[in-house]
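A.B. asks: Each chain, letter by letter, is given below.
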Amino acid sequence: QLQVRESGPGLVKPSQTLSLTCAVSGGSIRGGAYYWSWIRQHPVRGLEWIGYIFYNGRTDYNPSLKSRVFMSLDESENNLSLKMTSVTAADTGVYYCARSFDSSGYMAFGYWGLGTQVVVSS
Amino acid sequence: QSVLTQPPSVSAAPGQKVIISCSGSNSNIGSDFVSWYQQFPGAAPRLLIFDNSDRPSGIPDRFSGSKSGTSATLVITGLQTGDEADYYCATGDTRLNTAVFGGGTKLTVL
Numbered sequence: 001q002l003q004v005r006e007s008g009p010g011l012v013k014p015s016q017t018l019s020l021t022c023a024v025s026g027g028s029i030r031g032g033a034y035y036w037s038w039i040r041q042h043p044v045r046g047l048e049w050i051g052y053i054f055y056n057g058r059t060d061y062n063p064s065l066k067s068r069v070f071m072s073l074d075e076s077e078n079n080l081s082l083k084m085t086s087v088t089a090a091d092t093g094v095y096y097c098a099r100s101f102d103s104s105g106y107m108a109f110g111y112w113g114l115g116t117q118v119v120v121s122s
Numbered sequence: 123q124s125v126l127t128q129p130p131s132v133s134a135a136p137g138q139k140v141i142i143s144c145s146g147s148n149s150n151i152g153s154d155f156v157s158w159y160q161q162f163p164g165a166a167p168r169l170l171i172f173d174n175s176d177r178p179s180g181i182p183d184r185f186s187g188s189k190s191g192t193s194a195t196l197v198i199t200g201l202q203t204g205d206e207a208d209y210y211c212a213t214g215d216t217r218l219n220t221a222v223f224g225g226g227t228k229l230t231v232l
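Respectively, the protein sequence lines represent chains V and W.
Sequential numbering from 1 applies to the first sequence in the numbering used here.
Sequential numbering from 123 applies to the second sequence in the numbering used here.
Since the hints were made in silico from the structure, they are not lab data.
Since the structure is predicted, the reported quantities are computational estimates derived from the model, not experimental observations.
Glycine residues also receive a C-beta, built at the ideal position from the N, C-alpha and C atoms.
There's no promise every hint is true.
[Said to hold, decoys possible] Computed beta-carbon distance windows for the label pairs:
id, chain 1, residue 1, chain 2, residue 2, range
1, W, 228, V, 105, 24 to 32 Å
2, W, 152, V, 122, 39 to 47 Å
3, V, 77, W, 141, 19 to 27 Å
4, W, 163, V, 63, 28 to 36 Å
5, W, 192, V, 75, 21 to 29 Å
6, W, 175, V, 75, 44 to 52 Å
7, W, 139, V, 57, 25 to 33 Å
8, V, 114, W, 200, 36 to 44 Å
9, W, 183, V, 122, 44 to 52 Å
10, W, 206, V, 14, 19 to 27 Å
11, V, 122, W, 138, 46 to 54 Å
12, V, 63, W, 148, 41 to 49 Å
13, V, 15, W, 232, 42 to 50 Å
[Said to hold, decoys possible] Derived coverage of chain V by chain W (criterion: at least 3 residues anywhere in the stretch with Cβ under 8 Å from a Cβ of chain W; other residues may be distant):
id, segment
14, 14-25
15, 81-88
16, 103-114
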C-alpha cells in the first residue's frame, strides 16, 4: 500500500525559503509513470495546486507560483521535495503531497499524505 | 473566488440523495476531466471520482459523478451520517495552465 508523508519546519520567517519533503513508502517514486503533486490548503482560499514532478523529473508549476517554486526527486531516499522561496504570510497553510491515481494524467490525485502545517510568521 | 463554483453547503436526511454541483467554463470543465474529493475535518482529501464518472476501488457505488458541458455533478445516494464532510471538484484549466479546485461544499446529513 503506497503511503506518503510530508515533513517540514512548521514555522518559516517571511522572505525565507520553505523546504518540504515527501517520504514515499510502499512503492518507488520512479516505479511507474506517475505524477507527484504538491497541493496546499488555506482556511480561506481553499485548495491550490502548486505543481507536479513526473517520475522522470519533468516538472510543471502553477504559473502564479512558478517563479518561487522548485521540485525535485531523490531516488536514493525515495522522496521528493518542494522548495518555495520568498515566502509571505499568504503561503501559510497545510501542504500536501499527492500521487496521481494512474499514469494517464496528473489531475486525479489518488494518494495523499496527511499534510504538514506551515506557518509563515516572524 | 474559486474558478470552479460549488454551493457552500447542502443538506439532506439519512437515506436520501444529495446532488453537489460544480460550475466552470469552456477552459476548464468544458476541456478536461473532472475529479471529486471528500475531506473530513483534520484529514487529507480522498479521491472519490476521477475522469468525470469513474470510481477508484473501495469507493461505494453510492457515489457517482457526471459531466455535461461546463458543469459537473456529484450525486450521493443512501446518505449516511458518515458522509458528512467537505466535497471538492477539480479539473485542469487550459487558460490558466493549472489545476483548479472548487471552493468546496459542506454536506450535512440531518
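A.B. asks: Check each numbered hint from earlier against the structure, then list the numbers of those it violates in ascending order.
C.D. replies: 3, 5, 6, 7, 8, 10, 12, 14, 15
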